[in-house]
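> Chain by chain, the residues run as shown.
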Amino acid sequence: MLAKWKLREVIVLSVLAVVFAVVYLLFLQLGNVLFGLFGLIGYDIIFGIWFIVSIIAAYIIRKPGAAFLSETVAATVEVMLGNAVGPQLIISGMIQGLGAETVFAATRWKNYSTWVLMAAGMGSSLFSFAWGFYVSGFAALSPGYVTAMFFVRLVSGALLAGLLGKYLSEGLAKTGALNSFPLGKEHKRNVTV
Amino acid sequence: MSLNEVNPSIKAFAIVISILILSVFFDPITPLVTILWSVTVTFLFGRVSFKKWLLLFAPFLFIAVIYVWSTMLFPRLQGGDSVIWQWGFLTLTAEGFQRGASLGLRVLSFATLSIMFTLTTKPTDFLLSLMQQCKLPPKLAYGIMAGYRFLPLIKEEFQTLQNAHRVRGVARARTIPDKVKQLKRYVIPLLAGAIRKAERTALAMESKGFTGDKNRIFYREITVSRMDWLFFILMISAVCLSAFISWKLGYLQFYNGEL
Numbered sequence: 020m021l022a023k024w025k026l027r028e029v030i031v032l033s034v035l036a037v038v039f040a041v042v043y044l045l046f047l048q049l050g051n052v053l054f055g056l057f058g059l060i061g062y063d064i065i066f067g068i069w070f071i072v073s074i075i076a077a078y079i080i081r082k083p084g085a086a087f088l089s090e091t092v093a094a095t096v097e098v099m100l101g102n103a104v105g106p107q108l109i110i111s112g113m114i115q116g117l118g119a120e121t122v123f124a125a126t127r128w129k130n131y132s133t134w135v136l137m138a139a140g141m142g143s144s145l146f147s148f149a150w151g152f153y154v155s156g157f158a159a160l161s162p163g164y165v166t167a168m169f170f171v172r173l174v175s176g177a178l179l180a181g182l183l184g185k186y187l188s189e190g191l192a193k194t195g196a197l198n199s200f201p202l203g204k205e206h207k208r209n210v211t212v
Numbered sequence: 008m009s010l011n012e013v014n015p016s017i018k019a020f021a022i023v024i025s026i027l028i029l030s031v032f033f034d035p036i037t038p039l040v041t042i043l044w045s046v047t048v049t050f051l052f053g054r055v056s057f058k059k060w061l062l063l064f065a066p067f068l069f070i071a072v073i074y075v076w077s078t079m080l081f082p083r084l085q086g087g088d089s090v091i092w093q094w095g096f097l098t099l100t101a102e103g104f105q106r107g108a109s110l111g112l113r114v115l116s117f118a119t120l121s122i123m124f125t126l127t128t129k130p131t132d133f134l135l136s137l138m139q140q141c142k143l144p145p146k147l148a149y150g151i152m153a154g155y156r157f158l159p160l161i162k163e164e165f166q167t168l169q170n171a172h173r174v175r176g177v178a179r180a181r182t183i184p185d186k187v188k189q190l191k192r193y194v195i196p197l198l199a200g201a202i203r204k205a206e207r208t209a210l211a212m213e214s215k216g217f218t219g220d221k222n223r224i225f226y227r228e229i230t231v232s233r234m235d236w237l238f239f240i241l242m243i244s245a246v247c248l249s250a251f252i253s254w255k256l257g258y259l260q261f262y263n264g265e266l
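Chain order of the listed sequences is F and U.
When you line the first sequence up against the numbering used here, it's residues 20 to 212, in that order.
When you line the second sequence up against the numbering used here, it's residues 8 to 266, in that order.
Just so you know, the hints here were simulated from the structure itself, not pulled from any lab data.
Wrong hints could be hidden among the right ones.
[Claimed, not checked] Partial chain U-side listing against chain F, Cβ under 7 Å, derived:
| id | residue |
| --- | --- |
| 1 | Ser30 |
| 2 | Val46 |
| 3 | Phe50 |
| 4 | Leu120 |
| 5 | Pro130 |
| 6 | Leu147 |
| 7 | Gly150 |
| 8 | Ala209 |
| 9 | Ala211 |
| 10 | Glu213 |
| 11 | Ser214 |
Glycine included, each C-beta is placed from N, C-alpha and C at the ideal position.
The shape of chain F in the complex, shown without the other chains (with noise of 0.2 Å):
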């Protein structure tokens, strides 16, 4: 997969999934509060956030694995930071990369528009579902309400990753960080217009 890749691709990416895994650890406690108030749907309010990084790295490097990559190196990652985070994590930020991949792969990895983005994030959504359903044993639960956690889950994973990254991968681009990737070089062709 990493064939086609430059070097200095992958250590973008690989320093964005680092960067996003200190994050992603951070709002697992603010997960946690949440967990305290509202119970287990608590996490699905916000877990749109653990699949940002797959949408930034997308939108930034648009190339086949750019997606599940980041997501499994930031798991990878949040797992060598330590703390109580087990090597099951690396099976869910795989599974969750997979989902916002298909959908870039759906497109042909052509199309990065605000809703393909935000497709994406719900994939992630649907995808990382499917695996808590069974590690979480939410079959245990009434469906009524593991329906409901699944659709907020899908909006959290359409905002707070689809929107949000497409946010801040465009703060990113502005500052000309990006002028050497694909949405740094988009954004300059749509400045000097």
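Starting from the known structure of chain F, fit chain U onto it as the hints suggest.
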């Protein structure tokens, strides 16, 4: 032989597979036995400080309690469940309580397994092992290591930014909208700095001859021995044994494919 010396990839796989097996069961006894087993192994065979362990484990008690009450308040009702208490839309059943307890204990069993891993594994060893045993491409592995090394630098940059803002008279944010704005003022420059640093690092790596070729040798080799596989087999057997004990006691309950 201590847990700290087990090959990190094999240790990780043992734990992931244990968790996948544990997820099939919906009774309290299987995770409970697994918890006892993993805590015993952690302290008998790992060089682990009890204080650190407790610090990591404590938050999971809170999470487990919420799992229990969520499952109790919103249980999947099945025919033949014995209702203990009913009030409005709330129905408390004996079966719901048992499933809640099983999910709470499941969270705790995942926690003890995770902590067993993180407290006995060095982060760089884990990455080196992923590269040497699991074929993680060197390009990505060294990229992650470079990124990992950036973290202290990014923290420093964050403090510099904070000071710079203060010197220019930016007031400390007190309200929530102000805090969001402040967050944006930090996030974009920090990310932009990180990306620029990443590009420079890539250039430096290439100029020193790093090609990302998979046929390379390693300064630090992470090896696999028979003991590693013994650990793997013991871990998986222990989970299966937990389920067996639960079955003997008459508690064992499977996931029946309910949606």
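> None of the hints should be skipped; say for each whether it holds.
Going through the hints against the structure:
1. Ser30: Holds: closest Cβ of chain F sits about 5 Å from Ser30 of chain U, inside 7 Å.
2. Val46: violated, 14 Å
3. Phe50: Violated, about 16 Å.
4. Leu120: Holds. Min distance 6 Å.
5. Pro130: Interface hint status for Pro130 of chain U: holds (4 Å vs cutoff 7 Å).
6. Leu147: Nearest chain F Cβ about 6 Å off; hint holds.
7. Gly150: At about 3 Å, which falls below the 7 Å cut-off, the nearest Cβ of chain F leaves the hint on Gly150 of chain U intact, so it holds.
8. Ala209: Given a least distance of 4 Å, the restraint on Ala209 of chain U holds.
9. Ala211: violated, 10 Å
10. Glu213: Holds, because the Cβ-Cβ distance from Glu213 of chain U to chain F comes to roughly 6 Å (cut-off 7 Å).
11. Ser214: Interface hint status for Ser214 of chain U: violated (11 Å vs cutoff 7 Å).
Checked against the numbered hints given earlier, the structure breaks hints 2, 3, 9 and 11 and satisfies all the rest.
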